[in-house]
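Q: Put together the whole structure using the sequences plus the hints.
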Amino acid sequence: MNPSESQQNLLSNEVRQPSVQSLQSPVDYVLGPVEKHFLLSAERGDCATVRRLIEENKDHPDILNINCVDPLNRSALIAAIENENMELIKLLLELGIEVKDALLHAIKEEYVEAVEVLLEWEEKIHKQGQPYSWEAVDGSSNFTADITPLTLAAHKNNYEILKLLLDRGATLPTPHDARCGCDECVTSSEQDSLRHSQSRLNAYRALTSSSLIALSSRDPLLTAFELSWELRRLSKMEQELRAEYIEMRELTQQFATSLLDHVRTSYELEIMLNYNPSGDNWDPGERQTLDRLKLAIKYKQKQFVSHPNVQQLLAAIWYDGLPGFRRKSMFAQLLEVAKLGAMFPVYSTIYMMAPTSQMGLFMKKPFVKFICHSASYAFFLMLLGMASQRIEYLLIELFGNEWMREILAGWEKRERGCIPGFVETGVVIYVISLISAEIKSLWADGLLEYVSDLWNIVDFIQNTFYVIWISLRITAWWIVQKEYWSGLDPWYPRDQWHAFDPMLLSEGAFAAGMIFSFLKLVHIFSVNPHLGPLQISLGRMIIDIIKFFFIYTLVLFAFGCGMNQLMWYYADLEKRKCYHASDELPDYDNQEKACFIWRRFANLFETSQSLFWASFGMIDLMSFDLTGIKSFTRFWALLMFGSYSVINVIVLLNMLIAMMSNSYQIISERSDTEWKFARSHLWMSYFEDGDTVPPPFNVIPTNKTFEKLIKCGKTSRSTRSFIKKSREKAQSRHDTVVRLLIRRYVMAEQRKRDEFGITEDDVMEIRQDISTFRYELIDILKKNGMRTPSLDKDDTTISGKKGRVMERRLQKDFQIGIVEGIVQAIIQSEKEPKDVFSQIAKAIGHKGSITGKKDWNAMVRQSSVAVDPIGSTNEAVQRQNRRSLRRHLRHQPDSDLASLDPKRLVEYNPNLSEVTPATRIAYAKFIISKRKLNEQADESASGPSQETPEQNGKAPRRSSKVMIAETATDTVPRQSPVESTKKSSLKSTSVDKSSEKGLDVKATEIRSPSPIPEDPVGEEAGKPSTSSAISGREKKADGKDESKKEDMQEQRGGEESGEASEKDKSEEQKREGRVEDKDRPQQSESTRGNNGDNTETEISKSDKESGEEKSDTGEVPQSVPIQTTKLHGKSKATGRIMGGWI
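In case it helps, the working numbering puts the sequence shown at residues 1 to 1142.
Hints were generated in silico from the structure; no laboratory data involved. There may be inaccurate statements among the hints.
What the hints assert, rightly or not - In silico EDC-like links for lysine to aspartate or glutamate, alpha-carbon gap of 16 Å or less:
no.	residue 1	residue 2
1	LYS704	ASP691
2	LYS298	ASP445
3	LYS364	ASP320
4	LYS593	ASP620
A: Put into structure tokens, the structure is as follows:
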């Protein structure tokens, strides 16, 4: 049997592999001195230095990579964009810098000129079918993949950039619906649901840009309304991003409201609010339809509806026909309203007879119509009150004669199934007219719009109860007549009626309908500025009560089930005592208590009812003293009842009070907006051209009704051409007004941007201009052979706090990353095993621990004493070496790793001490082979045109002195991106031995690659070394000679600095002698593989001497062949036997 479709889908879902996206670790890129100088010059705006550095190192990308970035991942192009240096931007583009996401940075900084240049450059270099520059950037970009230039410009809400992009034809992708089930959405959601949701959020954030709506929409109001409603729907569907969607919805509402701020005449406002592109056209002078305002009310645009301009127009329409009414005193207004209300039957009759007369047209005015309808409804409520008091019976008892009292006695005798009285007949007529009005409203508005108004739902419930009342009264009359025709006596006292007699049921439905009728009066309160906010708060509180009853019903049902299960048997005993004489008649005389309390816990419904009334203190503890109840059962029942009282009274009721207080606080904060919106909704219902006559006159046919019936099928309709022309006119008027409003809005927004005083950006721009001018002037003077001042490092630092912070990060090789080893050392400090069972035994038996008593004082001292609170320079250098492992290994080809010596490999990685020597050698071979493969891949990727300095046989040309004295600061070369994979295989090494022995720190400083080749070239690379034949005594002599040379160099450096002393030299020589004697056994074993090692200290000192000579001459020496001498010896800093060429 074939599996079903659902089974197949299930199997396919199981087979589908989850998408695994590669994660790229951020590369710690260590800058060289030239690259630091390059980035600092770009930050300062020194175009001449930037050009010179790029041209000098054009063929040496290992010295200066034009695309290098600072620790904050900013390239020179991005720095120029942030500083708004257009000359430097053009220079960098001409010299071939990679653009990457620079266009997005320019849009982020709102630098319009740079955006124009980068757009033209992108168009020039882009190839059809290839990704754009910002799309080709890897994970190091500051922007997500779904961010496009138009999207980012919309996020920044920059009108100029948006106009520039839209004029070029840029498009914005339309976001899919949240419930979209297309293949693209399903695939994207399965691969990365977070990215899928964020891309939709970014798209909607772009669509809500006021500038984008103003530029791209022909009807911005309609676009804002629909987008706001869509965001409201999304905020309910995606609860995780609800705050973001609500914020965007508020922005769209503010944009629609801000357009109203720029309306200057009533004519412009009327054209905006009466425009309907698909409905009937409105012409100036006609009755206003306010279609756009109706749409705003439908989409809950409360700020738009409550705007002062809209409210002024609505008030003018509302009080039309009553000039000067708002200027009258309150007493005069009340008299005017009372006169109109008392005359509503007269106005209604005149309108039915002559709807086009002056009095009939006066009846159509909105305020007059509202007063007449309110007076009619007040009369209906008066009838309901009279019916509830049985006014006919009361009047006859008070003012009737003997004959009328006899009739009254007959009415009371035949009350079951009687026909309605005079008042009830009037109520029935009103109910029929109200139902007729509701049916017309439902037919005109449609079901969805009708249900959207909560007061329509209240009317529906009210009319439903009245229909049930009338139906049951007719049913009761039919049953009584049927019994009477059968020869029975249907008229008997009320106490003998059946519990569900139709007459009783009809009275219950009539009472419920009466309650809803009186509550409907609250709807009229929204007209009053004092009662309106209270009416809105009441509506919000009712919603809170409904939410509260969900939790309260759960608690009530839970305790009701428990109490009923515990008490039902004893309640049944009480019932038997009450009905001991007869099963139908209770014995209230002798068993009064039993007849009262047996219902308390008889069944689940009675128990729940008892618990509900207990909330109001209507149940006492005597209800638990039932017949035959046991002490434990009574105690447990009282405990449960007390728990229910605590939960209900203290917790739930206070929670309800807090909820209602919160709702009232929310309404009170925006009471003016909420009240005006509710009042406008009420006013709009009376602006319509129908329902002029109030109930009950609306059921009476009028002359207007007969005219419609006579003209049925003969109505003159406008031709299509006339409708088309009128719509074109209306659209032309609307487009003109919209263009004016958009123009005013954009101008006002631009003025707001320009009205800000001097900001930090302005100051930075002035600093950038001054710095650029300074370096340009120095460069011009230097090119013309003039003497220019030499700029020291202190003089050339970037001014300002931010500039100094940036320069410090560049100079100190600041990297964003973790420092390993700290937390791990703390975790590993606790070497005692966690013996759970011994801890349990100790807790139970109060016995001593198996491991013995701990010395807590020693542990506290051990944990409180800091090993190295500030670290050391050697540790920083080692960390930088680990960051730039490839370059370190390239310039030291015979290092510990390349020697394949098991003992030296332990110094390379202390973690190898735990493994065998064979494993150490295998580890070294693996790292070396991996490095060679990566180098070959880099060489093949770079192409044959890019050759290393060693391949060319020439040393790279380096300037001996940079504009700022940076060569004095020893830095570590940068790390290539491939070497980031090697960091994971190497754990953090221990602190260098030289730091523990107190050796001089200067000897371990590593400087940038020297232009002198450190490796033997030509035939010298293949010559065997004779150092392996030297005996231990000769090695010792060589070590002493080497130490003497180092002492002479240190003495020369001390004379130059003026800080060394004779005492320091002697102590240092003694300390070096002890170190040599200690490391002598290691030298005899490790000198065999040290033929190619470089002496780092010798090279650094020779470089220093050469730098001093160059500084004395003031000239840049050319790269000339230098005679090299191969030396070997021991490093002062690390104690290793190292060889090299000097």
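Q: Work down the list of hints and note, for each, if the structure agrees.
A: Taking the hints in turn, this is what the structure says about them:
A hinted pair counts as satisfied when its Cα atoms are at most 16 Å apart, and LYS704 with ASP691 qualifies at roughly 12 Å. For the hint linking LYS298 to ASP445, the alpha-carbon distance of about 12 Å falls within 16 Å, and the restraint holds. Between LYS364 and ASP320, the direct Cα distance comes to roughly 10 Å. Compliance with the 16 Å bound is thereby established for this hinted pair. Taking the CA atoms of LYS593 and ASP620, the gap is about 13 Å. The hint holds against a cut of 16 Å.
Comparing the model with each numbered hint stated earlier shows that all of them hold.
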